[in-house]
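With the hints as a guide, bring both chains together as one complex.
Chain order of the listed sequences is A and B. Going by my numbering, the first residue of the first sequence is number 417, and it counts up by one from there. Going by my numbering, the first residue of the second sequence is number 22, and it counts up by one from there.
Some hints here could point you the wrong way.
[As the list claims (entries may be wrong)] Partial chain A-side listing against chain B, Cβ under 8 Å, derived: (1) GLY432; (2) HIS434; (3) LEU443; (4) GLN467; (5) PHE470; (6) ARG475; (7) ARG496; (8) GLU527; (9) GLU528; (10) ARG563; (11) LEU564; (12) ARG581; (13) VAL585; (14) GLY587.
Derived by calculation from the structure, the hints in this document are not laboratory data. Bear in mind that the values here come from a model prediction, so they are computed numbers and not experimental data. Using N, Cα and C, we set each Cβ at its ideal position, and we do this for glycine too.
The chain contents come next:
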Amino acid sequence: MASAAAASLIRRLTSGDHKALGEFYDLYAGLVNGLAIRILRDPAEAEDTVQEVFVQVWRQAARFDPSRGTPEAWLCTMARTRALDRLRKRTSRREEPEQEKPGASPAPRNEEALAVRRALDGLPPEQKRALELAYYEGLTQTEIADRLKEPLGTVKTRIRTAMIRLRGVLGPAA
Amino acid sequence: MIDERKLDLVVLAALDALDGEDRAAFEALVAKDPEIQREVAAYRELVGRLGTATAPVPPPAALRERLLRETRPAPAARPLAWLSPALAAALVAALAGLVVVVAQRNAARREAAFERQAAQEARQVAQRAEAEAAALRESLAIEVAFRELVIRPQSRVVSLAGLPPAPQANARVVWHAERREAVLLASGLAAAPAGKAYELWIIAKAAPVPAGVFQVDAQGRAVFRLPEGLDFAGVKTFAVTLEPEAGVPAPTGPMVLAGAVS
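So that you can see chain B by itself, here it is in the shape it has in the complex (with noise of 0.2 Å):
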């Protein structure tokens, strides 16, 4: 049971409302306590459905277009230099295109003061270059990740095969059981038919478990980070479907990569 001068701290912490000696013992008494991290975790979930009670404004159309061309991926396909020194090398040039892309975009900007014909076109190429650089951060971001795992010791690779539906297809998985952490490489593998999509199962005593769906570029290639939290415990056997786009959970479309854990 919780005292009500533990309570108290629990719940002007889940608002951030503590300050002074007080955060202080919060945080003394949340290292330690289980039942504390519980009680705080949960005031958290209702201090965020409070912001539901707060009536709905639709923001302008507008904001809908800039959040989608600022996020668009970019087309290129991403670099697949893992598991090589050639890592290295894709992260100092991936590094240098985002410094030439900054360096386009400030100069479209100082282009565009002077005229405005000029204006309307480095505003387009400043969108273009901020939705290249966002991608490419996205990108370094996963291949950080994937390079955290891969030097972890304990972390395992599998290699899929392709199977009759896609012959020249070919995957990895990089796993770490204790950190329920994974990625996939894939390649080789057809674009999925619109409204359909590829979906990862991780076998192992009983019915195969869902861990994820992807899609891959335009070159057949997907670098695919797992969904965290999934149980790896006696995996056997890594396979990939081709299933409706959201996903199923339970395998019903063609089987196309598999590999077993040795």
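Extracted from the complex, chain A is given alone in its bound form (with noise of 0.2 Å):
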């Protein structure tokens, strides 16, 4: 959903319209912050984090590239990385954090974003949890297995096969 108004405002911010910030603050914090909050557990510094992303996308707007993704990915990616640089700083790490429950979460916001909630919920559940404790813990390819307790080569299989899946069924960004 590289939306025309998304894209005007990309061009504002690079052009340094700082109105514009507030503006695409209010499309956007809403999604950061959810993020940010799924991988930290912890508002406060979730909401460090949505203020470091915005600041990043006030400095850098001229670095988005739209042949490279959405806004919504570019931003996604910023949360994602300074959210588990967060995680990895704290002292001690909950080992199991409370798994989020299947159907408890309110709908996400739009077509792309429900396709991919869609598409991550029809994985065969050993595979999409390989997935999450990459993407959202941050846990490397052996933490992964030793969480798990499976053999280094099944975690890979498992996420190698989902990601294949996942972009076989959600095809290029809209």
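Take a look at the structure:
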């Protein structure tokens, strides 16, 4: 959903239009905050992450490349990177964070988000679990194997199979 | 065709989940294989999209204020001392400004510990100082980028003269065709009316190509870094027109500046 509105806002941000930042924030702050909360499970730390992401948007809007994905994907990449950095800096990491209950969370915001959600929910549970440990907890392949008490080769196969399937189902971004 | 072992590396790299020998193996592989580079980019984009499935949670209203306060551009004009030995002096002065600003903020914070009344004022001072420091850092970054552009031997410069709607205006564009980087410096322009902005155009053989919109400061000046990746091949003229502030794909408004490339 690289909407014309988002594209125009990014152009204005690139030219240093400060008002555009507020409008861009209004469109996407919920998305960034939701992802940061999902990763950090701490509203205060999530807020700091949101702040950092939008300051980065303000300083580096020119680096956004529409040929490499939607503004949403760009924001999610920045939010995930920063949230995982914070997670790794915590002295003690909780071993088993509560898992998201299927169907418990509110509906995502648009068709693209809904399609991604459906594609993720359509994965076999063991593939989804391995992918989530990498995506939301930032674990490496070896850490995932340890956590799941599975051989490394099994973990790699699960994640590869899951990602190929997601790519097939979702196709290129709209 | 990429085999399963390589695809494992690609997919896990896109998730930043590689470690140990696999990480080294991937780095060796990606350095020399364009197909692997394309696949990693595609999977990284897919990883970016995964985040959109997370349910949105609106942050507290105060966060919006904090963001806008901390990013607000400083009202002071950006120094225009490029292309001259004064550049070094400007950089030094800006750095000294940063030090003073940080010192002021620290002093304000110490005071805040003693009195509640003072704490309120100190917070405001600190916020202003932070905003100014951020703006100075931003402006320094642009200056450094500009200096790097100017010292490259392949960079070219063209002067743009003010046309009848803006006879006092003048500008320069410095560009590096191969690196596809450019900066425009303008002065003597009136502030664009509400809802309008200045738009820069690259004119080669065919129709003018939009090269970004910009605004001028209170002194009528602008330092504008063009979006990366523009094509400067065969450019004959740079021109600036007054357009709707979001920019338009082809010029519609009056031309205020133009300069032919010799």
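Hint-by-hint comparison with the structure:
1. GLY432: holds, 7 Å
2. HIS434: holds, 6 Å
3. LEU443: violated, 11 Å
4. GLN467: holds, 6 Å
5. PHE470: holds, 5 Å
6. ARG475: holds, 6 Å
7. ARG496: holds, 6 Å
8. GLU527: violated, 10 Å
9. GLU528: holds, 6 Å
10. ARG563: violated, 12 Å
11. LEU564: violated, 13 Å
12. ARG581: violated, 11 Å
13. VAL585: violated, 10 Å
14. GLY587: violated, 10 Å
In summary, the numbered hints that this structure violates are 3, 8, 10, 11, 12, 13 and 14.
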